[in-house]
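Chains as they are written, first to last, in the working numbering: chain A, 1 to 336; chain B, 337 to 918.
FYI, nobody ran anything at the bench for these hints, they're computed from the structure. Treat the numbers as computed from the prediction; the structure is a model and nothing was measured. C-beta atoms are modelled at their ideal positions from N, C-alpha and C, and glycine is treated no differently. It is possible that part of the hints are untrue.
[Unchecked claim] Only part of the chain A face toward chain B is listed, based on derived beta-carbon distances under 7 angstroms:
id : residue
1  : 118
2  : 242
3  : 302
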Amino acid sequence: MSALIYILIAISVASVFWQLTNVFNLKNEIATEQNNDQQGKLMFAFMIWFYAFMIYCLWKYNAVLLPDAASIEGEMYDSLYNVTMLLILVVQGIMQVLIFYFAYKYRGVKGRKAKFYVDSHKLEAIWTVTPTVVLTGIIIFGLSVWIDITDISDLEDPLLVEVYAKQFSWEARYAGNDKELGRGNVRNIKGINTMGVDMTDKNAADDIPVRELHLVKGRPVIFKFRSQDVLHSAYMPHFRAQMNCVPGMVTQFAYTPSKTTEEMRKDEKIIAKVKNINKIRAEKGEDPYEFDFLLLCNKICGASHYNMQMKIIVESQEDFDKWISDQKTMTQLVKK
Amino acid sequence: MSNHHKETFITKYIFSQDHKMISKQYLITGIFMGVIGVFMSMLFRLQIAWPEQSFSIIEAFLGHHQQDGVMNPDIYLALVTIHGTIMVFFVLTAGLSGTFSNLLIPLQIGARDMASGFLNMVSYWLFFLSSLIMILSLFVEAGPAAAGWTIYPPLSALPQAIPGSGFGMTLWLVSMAIFIASSLLGALNYIATVLNLRTVGMKMTRLPLTIWAFFVTAIIGVVSFPVLLSAALLLIFDRSFGTSFYLSDIFIDGSVLHYQGGSPVLFEHLFWFLGHPEVYIVILPAMGIVSEIMAVNSRKPIFGYRAMIGSIIAIAFLSTIVWGHHMFVTGMNPFLGSVFTFTTLLIAIPSAVKSFNWLTTLWKGNLQMNVAMLFSIGFVSMFVTGGLTGLVMGDSALDINIHDTYFIIAHFHLVMGVSAIFGMFAGVYHWFPKMYGRMMSKTLGYWHFWISAIAAYGVFFPMHFVGLAGLPRRYYMNTAFPYFDDLADINIVMTIFALIGGTAQLIFLGNFFWSIYKGQKATQNPWRATTLEWTTPVEQTHGNWHGKLPEVHRWSYDYSKPGSDVDFIPQTVPLAEGEEPS
Chain A
1 MSALIYILIA ISVASVFWQL TNVFNLKNEI ATEQNNDQQG KLMFAFMIWF YAFMIYCLWK
61 YNAVLLPDAA SIEGEMYDSL YNVTMLLILV VQGIMQVLIF YFAYKYRGVK GRKAKFYVDS
121 HKLEAIWTVT PTVVLTGIII FGLSVWIDIT DISDLEDPLL VEVYAKQFSW EARYAGNDKE
181 LGRGNVRNIK GINTMGVDMT DKNAADDIPV RELHLVKGRP VIFKFRSQDV LHSAYMPHFR
241 AQMNCVPGMV TQFAYTPSKT TEEMRKDEKI IAKVKNINKI RAEKGEDPYE FDFLLLCNKI
301 CGASHYNMQM KIIVESQEDF DKWISDQKTM TQLVKK
Chain B
337 MSNHHKETFI TKYIFSQDHK MISKQYLITG IFMGVIGVFM SMLFRLQIAW PEQSFSIIEA
397 FLGHHQQDGV MNPDIYLALV TIHGTIMVFF VLTAGLSGTF SNLLIPLQIG ARDMASGFLN
457 MVSYWLFFLS SLIMILSLFV EAGPAAAGWT IYPPLSALPQ AIPGSGFGMT LWLVSMAIFI
517 ASSLLGALNY IATVLNLRTV GMKMTRLPLT IWAFFVTAII GVVSFPVLLS AALLLIFDRS
577 FGTSFYLSDI FIDGSVLHYQ GGSPVLFEHL FWFLGHPEVY IVILPAMGIV SEIMAVNSRK
637 PIFGYRAMIG SIIAIAFLST IVWGHHMFVT GMNPFLGSVF TFTTLLIAIP SAVKSFNWLT
697 TLWKGNLQMN VAMLFSIGFV SMFVTGGLTG LVMGDSALDI NIHDTYFIIA HFHLVMGVSA
757 IFGMFAGVYH WFPKMYGRMM SKTLGYWHFW ISAIAAYGVF FPMHFVGLAG LPRRYYMNTA
817 FPYFDDLADI NIVMTIFALI GGTAQLIFLG NFFWSIYKGQ KATQNPWRAT TLEWTTPVEQ
877 THGNWHGKLP EVHRWSYDYS KPGSDVDFIP QTVPLAEGEE PS
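Please construct the entire structure, taking both the sequences and the accompanying hints into account.
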């Protein structure tokens, strides 16, 4: 019975639509004077909506953005970022007004003749040269930051850490007292030696495999990345750091943490963010959350790509020394 | 070519060699693929906004890839992969370029057809075959390709790593190989036609910007698509014949694989050598279409015609030397990163010139607010919003922290996704009378535009913030990290806009198919344009013009020329006595 009602409804809707189409038939499908006026005004209204929406987003979603960088290189990153974003917002602000205002202002009116304006070398020179000058500045600034971040030859007493990615977890290995990592290859994977460390390499003996990353405030850290199976990407947004982990090769990235985990937890922006998060979690009946630095996988790697976790803790040298002395070296582990 | 061929149903509608029919075939196939692609995005947006909640629509469509209305992570990745593939290649390359290059090149240069009607037909049918295979791959037991539309190995090479890399991936590769063959045949045809078949008086400097855009796009396609073909072939070798072009030192499922010495980074180079020019293959035709429609509807010449051509060529050239900006954090040498940053940011210059020239074209115009014009204005707005954030991605240093986050998704959806789609819609509304001899409903068109424009910004503007919050793309859900719990609201807002925007496309579909049969009958030159396609009869004939081909006496932008009573002078009208060529 209900099926019959549905069919009847469908038939009546279809016949109403068919009747409506007859109305369209009588109409001129080319924009009329009235359409020009109406649509031009809608362009203006859209401009207002779009600006309101942009401002709303900038205000409302400012709270979710990453806090200030927690590394020295990240601070350089932030200054470049701020300059670039400011430039983008200013140009965006001006361009969108012009687009929609012109669309409104010059909406068609019968009898008005458009201005026959073919070319102006002066104008074109202005808008070729201005972006060129601005871009030159951005490129120079950008490249200087890029070189500072990627040049790791002059780091003093760096901590050397291997980060090892696999479906779907992270492992890590510290270089130990000799400050050299032993070679690794997936062909050496066996039992407890899950990272495939080559135990015939003398540098490997004192390497320290771990399941969480501890970093020292103010001490540079050089990461060496390897992957066991597919591409992964080690992404540490708070440090403005990212590098792919590529099977068959070793990649690297370095930065100097500038804030400890404890200091970050006292950062105003983090406090506000965590408070907001915990409000949402409480509504869902979930445990409260405490801030920790993130290591995320940022290259599609399979079903659990979204859930590759490893804790990063930034602390003082003393706390770090205490922690690392509790960890077992490769030799101690493999011999057992 | 005579007009008196006896056409059977099969030669007229199916194996047609008439460029106008082939153009419609491309458009309809493109629209069909677009429906699938957009629908997929609506499904995975549901999962992003309401992770692991049950939806009957998911239960209805995803078969054994879901449980009780919750999609599983593998099919989520497959959906984003196929969505990207379909939208980039099948809709915005074949659907956009295939439709309008085919329709407009012969008509606007004054030719009876393409240089080779036969190759043109083969090109379409190869595209059809590749679409068919791509659709078939959706029904593979283990699911379709799921390694992302960029199909980076080893993930795309190893079925152990993700189920979609089994037979689904094989079909993906076969489909793309056929697609590339189709696209090359089309491109060679476009180039040959533009160079050889222009009518009397149609100098290169009198071509409408549409033709310039299609011509340069075809050249980029010929230069870059073969490289993707070789990348795909080597991947097929790695997958099926045990070679190690891209694979080395892999331990998976408890054992070491035999691969030794290859590098996934090699694949990334080959992929992006096509992949980056590809975004210009997508956007340049849209730019050409928008330039033309803006001039017609502003009743003004396009401002800076020569600068527009120059910037198309500059963009095309630069597009082939910037691919490395997709690879700043792949372990590529940092010095190379610097070089690619430099070349990449240079693209902002011709892009800025184009944007300012469009603005100046609007300035002091007499804007006819036809639906095509609204979409063209929308195009410029989206292109500017999306293009500006390119300054962040293109800068190697800044790319480090936003690479592969939602920020890049927002960027490219605005600058090449929504923009190119708007360009395509503009083209459809504008040239529909030429294709079907009828007009589309403007009332429905207005609704279509305004809902689409609001929804597009509603989805993609807030998305920048999700990326700047540090959330990686291609996450099945972000609740595994409580740090991202405060993104729940924003994700719901975006999904609601996406559902509205996706549904609003039904207005277009209804309008399109209804107007084919019931639309108001078109007049010969409804938009009062100067270009040659509007000198052909409304009733189409194979060969385009009865009798002799038209002769061209002027460029294509004589709108509102001083000293003339009418506000447009068709290209076929000889210069009046004492009239200066523009």
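Given residue 118(A) as an interface hint, is its Cβ closer than 7 angstroms to any Cβ of chain B?
holds, 5 angstroms
Given hint residue 242(A) near chain B, where the shortest CB pair must fall under 7 angstroms | holds, 5 angstroms
Per the CB criterion, is residue 302(A) less than 7 angstroms away from chain B? holds, 5 angstroms
The structure fails none of the hints (numbered hints given earlier).
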